[in-house]
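Visitor: Sequence:
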Amino acid sequence: MQCIGDISEDIWEDCINLFLPIEMCCDAAIITSAPPWVLAAYPDGNLFQLTQEEIQILLRREEREKLFLQGITLAGTKCLLIRDNLYTEGNNTMDLRTKGQSRGSQAVTVVQIESVYLVVMGLKGMEGGPLNLKAFEMAGYIRETILQHTTHF
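Numbering (my numbering), first residue to last: 1 to 153.
Keep in mind that the hints were calculated from the coordinates and are not lab data.
Positions of the beta carbon are idealized from the N, C-alpha and C atoms, including for glycine.
Fair warning: there could be bad hints in the mix.
Unchecked claim - Pair by pair, the computed Cβ-Cβ distance ranges are:
1) Arg97 with Thr51: 17 to 23 Å
2) Lys78 with Gln148: 34 to 40 Å
3) Pro35 with Arg64: 17 to 23 Å
4) Phe68 with Gln148: 25 to 31 Å
5) Asp10 with Glu65: 36 to 42 Å
6) Lys99 with Gly140: 28 to 34 Å
Working from the sequences, and respecting the hints, build out all of it.
Guide: If you want it as structure tokens, here you go:
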């Protein structure tokens with residue numbers, strides 16, 4: 001996965017757009033931590049507005065317990081941290097829930113895929129468990145896409 005930076009924006013966009021027409025996701029983004037930025041995001045969602053500061057806080061490895069106390073903001077939306085296994089080998093996921101929104105809360109899952117991270121937001125009323133499974137499926141597809149791209153170039 002050394003060639004992540006060589007993957008075109010079109011490939012990242014294809015990874016996002018393939019899964020969003022499904023009935024459980026309303027938004028998704030692929031982000032990286034070095035430098036912190038959004039590689040691709042669903043154009044009709046809000047996650048394209050993730051800031052560098054939000055990404056740094058979300059992905060920092062130190063003082064993760066503070067995230068449970070302070071919460072996390074994603075694209076300006078406050079979220080509660082439900083479960084943090086982002087840096088736990090074999091799991092590599094984080095589950096959040098939006099709060100304080102007039103349209104109701106939404107589940108959010110973050111999955112680490114080597115040096116990139118997939119952020120997926122569920123539809124209103126969607127439970128976190130099924131969303132987490134769908135995010136794992138999406139992450140597997142993204143891994144395959146990265147592997148195919150890096151072995152062909």
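Visitor: Give a verdict on every hint.
Guide: Okay, the hints, checked on the actual structure:
no. : hint                          : in the structure
1   : Arg97 with Thr51: 17 to 23 Å  : holds (20 Å)
2   : Lys78 with Gln148: 34 to 40 Å : holds (38 Å)
3   : Pro35 with Arg64: 17 to 23 Å  : holds (21 Å)
4   : Phe68 with Gln148: 25 to 31 Å : violated (38 Å)
5   : Asp10 with Glu65: 36 to 42 Å  : holds (39 Å)
6   : Lys99 with Gly140: 28 to 34 Å : holds (30 Å)
Consistency note: the structure conflicts with earlier hint 4 alone.
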